[in-house]
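Engineer: Model the placement of chain B on the given structure of chain A, informed by the hints.
2 protein chains.
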Amino acid sequence: MVVSKRDFLIRIGQVAGAGVLYSVMQGLGHFHVAQGATQTPVIPKGQSGNKSVLILGGGIAGLSAAYELMQAGYDCRLLEASDIVGGRCRTLRRGDAVFESGADAQICKFDKGLYMNAGPARIPSAHQAVLGYCRTFGIDLEVFINNNRSALFQDDRINDGHPVESRQVHHDTAGLISELLAKAIDGHLLDEELGDIHIDRLFAFLGRFGELDYYGTYAGGGRSGYESLPGAFEKRGRLRRPLELKDLLSSDFWRWKMYFEEEFFQQATMFQPVGGMDAIVRAFADRLGDRIETRAAVTEIHNTENGVQATFNADGSEGKVVNADFCICTLPLKVLAGVTTNLSAQHKEAVRSVAYMPVVKIGYQANRRFWEEDDAIYGGISYINHPITQIWYPCSGYHSGKGIMVGAYAFHGDAVRLSAMTPKKRYETAKTAGSKLHPQIGSEVGRPISVAWHNMPLAKGAWAVWRRDQRGNEYRTLSKPDRNMYFAGEHMSWLPGWQEGAVLSAHEVVSSIHERAQTSKG
Amino acid sequence: MVVSKRDFLIRIGQVAGAGVLYSVMQGLGHFHVAQGATQTPVIPKGQSGNKSVLILGGGIAGLSAAYELMQAGYDCRLLEASDIVGGRCRTLRRGDAVFESGADAQICKFDKGLYMNAGPARIPSAHQAVLGYCRTFGIDLEVFINNNRSALFQDDRINDGHPVESRQVHHDTAGLISELLAKAIDGHLLDEELGDIHIDRLFAFLGRFGELDYYGTYAGGGRSGYESLPGAFEKRGRLRRPLELKDLLSSDFWRWKMYFEEEFFQQATMFQPVGGMDAIVRAFADRLGDRIETRAAVTEIHNTENGVQATFNADGSEGKVVNADFCICTLPLKVLAGVTTNLSAQHKEAVRSVAYMPVVKIGYQANRRFWEEDDAIYGGISYINHPITQIWYPCSGYHSGKGIMVGAYAFHGDAVRLSAMTPKKRYETAKTAGSKLHPQIGSEVGRPISVAWHNMPLAKGAWAVWRRDQRGNEYRTLSKPDRNMYFAGEHMSWLPGWQEGAVLSAHEVVSSIHERAQTSKG
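Protein chains in written order, with this note's numbering: chain A, 945 to 1466; chain B, 945 to 1466.
It is possible that part of the hints are untrue.
As the list makes no split between identical chains, a pair holds if one copy fits it or if it spans any two.
Simulated crosslink set (DSS-like; lysine-lysine; CA at most 25 Å straight-line) [unchecked claim]:
id : residue 1 : residue 2
1  : K1190     : K1127
2  : K1127     : K1346
3  : K1053     : K1375
Just so you know, these hints were derived from the structure itself, not from any lab.
These numbers come from a predicted model, not from an experiment.
For reference, chain A alone in the conformation it holds in the complex (with noise of 0.2 Å):
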């Protein structure tokens, strides 16, 4: 019998432990974190002991919650409030509408075929449980791409306000700090804090980071591109100047722009599903058939003497009621506030107690994808000292006719500030604010749709803030089950907006329910 190295470690893993585990990890070279997409379910299959889990809320969270239990054999159903499921797993095509409080309806008018993800847009290699069930349900993957050095930043207070390409703002600022190193170890300046680091080493080292000259100045260089590139015969090219640290210090790029294609989660590769993300939703739902109920609004979840019990409002009838041994909530926060329970006091305060971000995204259709043609910019994100904060080009559809640009995509404050205007306004902010990357955007885009998070009645936000003070209180309380209710979703995690959280933790509810059915079966 061929015995895979991967079969090989998870039992080692079974038998003897997480320690021993990783030791013989060590030994095979694996002190990098190796995981591949698991194709495993969560419980095995058939000892679910008939027992029954009503799962509230048809997200990710809920969706792949009751995909496991009902593989396990588990009686499961789903009660979703709105017409579809997928929370804010959402993605908008010809003829959606988003229904924000507040704001008039919109409907989605790109043309067939084109999409914008409102919620949820990229996969991380890292988020092994999303990716896994993209392998299971054959959910084709093209490359998300966070990181396009062609891309742009701008700032109205560096480079006359003209935007910079992303290569010139990462490679003139390794090069300009790497000069000042250069110049500090150059003069011995550092002697003492080196100890038996060889200072030529570090010298050629810093040459090399930041692309610096023979004596250590930097003065351009080809990661920052060029004036004008090189070509055949005599166009040998003409790199561009240097901008000036003072200048690059004085923008805002570097507070966060600059590195959130290098934060864990945003690294390449990241993944999208072809077609839009809510392939996953469609698949999950594909799967648990009859088991989801769409247009059940739940108005009260009361935990009884032996299970749970909530009354929700379905299509035209209001007032059922449904019984179950479980209940998985799922609900954002924000919404479970407003439905009536018996939780204990301290699962109430907590459930009261935490901020969720205010998000906007406004997507708009271009006929002519004048970001590929006229300045060889194939997907990636563009960034801008302004409420509208980034640009976001398809990645997808690489040199065809038409596709939909995310135009902004705000958070904080700046989300407050676009979600008060109307969906109206915030297109012309949006368009304005552009064409300062794109001043085609100006007159070669319509057909706009814009989705505040924090004012979709469903959500209440974009995802969960825990404070750090929070994480040991209020996020601990949740972490445990009043009774017979369960609490899961990407708020349950340490990845808050990441689907992958919404998944972990529906996976450590359903084990954690399934541990307690089989211990009470007997």
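Structural biologist: Below, chain B alone, put in the same frame as chain A:
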């Protein structure tokens, strides 16, 4: 009439020249190099004046030259010595043969549908001439990944020889040098150098650049990755301990491997044609039809009084003769050196003077994508301090069963060393070395094939390597035609080894010939 910005700029350039164009672009906020994938023919149609052009060599330079001449109505004929066109742009699939001088013939045994690009494998965003053809010909593109933060670096001198993730190499380096510079700044060692740069702002900036703590210390950070990943509930995740600067400096990572992905033409976004790079070759060949003659090896080429005359061996018959008004010779210079010519002594000397890069690529098939399944590595490149130099993971078919790995891509002396081995021995060497990155390589790969480009009789090297002093002499000599013979190919550009260099050189030569034909017509 609506004039696109692109057309507007082109017209300004035509009417007022590049200087004015540049000023206008500045005014429009286009300090960055703005240019789209051109679909404009290099020379206008129907002005050919019945001139004939003979093209030697069916690589990308010859094909694009012939295509542009054909479009304009020239009588053109392309002679290619091999039985297929494409030159070094070669995609190996099941049944394809590789014939190196001095090595046994190899037949590709990959499963049907799998391939390896033995020559060029990536197209950067900036290569707008090649991308322009992809657009014109409707060739589907997918993202090629140079930068994958989950890919690995291995050198026996660091981390006890265990591989280190790219993310840790990059961000521990950034953290450790930021810490050093922060110390120098905090100790007021650089006050004079800093001039009017605000120290607090620079300190804050270094904190972001290097993920430093409040005291300016680097103690690891999320960008460098985790020992255990953040998850749900109580799984907060645990950061890795940083590498030591001393060890990083001892490794060979920083000499070029770390920065390779940031060299101008390697920066994201990069592309590959879906299904293999030779999609471009096929598109040209389909359009050129019987203007291409394969198995036609040129033995002599002469300038005559009014044109050129070539002698070649066609399938079965020797010494066939063809005459034309002009010749575009795209043969690699080391191959041209073996052809009898009446080139000027200076041209002959220039042809003989050029060195070519020795390159070896080794591919093999894995029947399970263990790099994805076990290690969550999707596409990209891992590096190793061994002659095999690097391992490439396929950038397509993610989560599909099988895949082709590039198990070695070596240059310079490393390539010479590998090519001196039999193909079988190369493979064994690649397996042994590759196992340091992925132990699975030892047992889970097979069906190898390798190409040593310097031993391929119709290439004699991967690309021309001009010494800096040659650019003003031999290179310049070949930039001018010798009477009716013109030279094109990647060797006649500042983009050595790139298809873009081949195409741009072809475009320049085609323009020169056209200009001359126009002048001499009357």
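Engineer: What label fits K1190 with K1127 when the C-alpha limit is 25 Å: within, between, both, or neither?
Structural biologist: For K1190 and K1127, the Cα distance is within 25 Å both inside one copy (17 Å) and across copies (19 Å).
Engineer: Within a copy, between copies, both or neither: which one fits K1127 and K1346 at a CA-CA cutoff of 25 Å?
Structural biologist: Result: close neither inside a copy nor across copies, 50 Å intra and 51 Å inter.
Engineer: Please work out whether the CA atoms of K1053 and K1375 approach to 25 Å or closer within one copy, between two copies, in both situations, or in neither?
Structural biologist: For K1053 and K1375, the Cα distance is within 25 Å only inside one copy (17 Å; across copies 54 Å).
Taken one by one, the earlier hints fail for this structure only at number 2.
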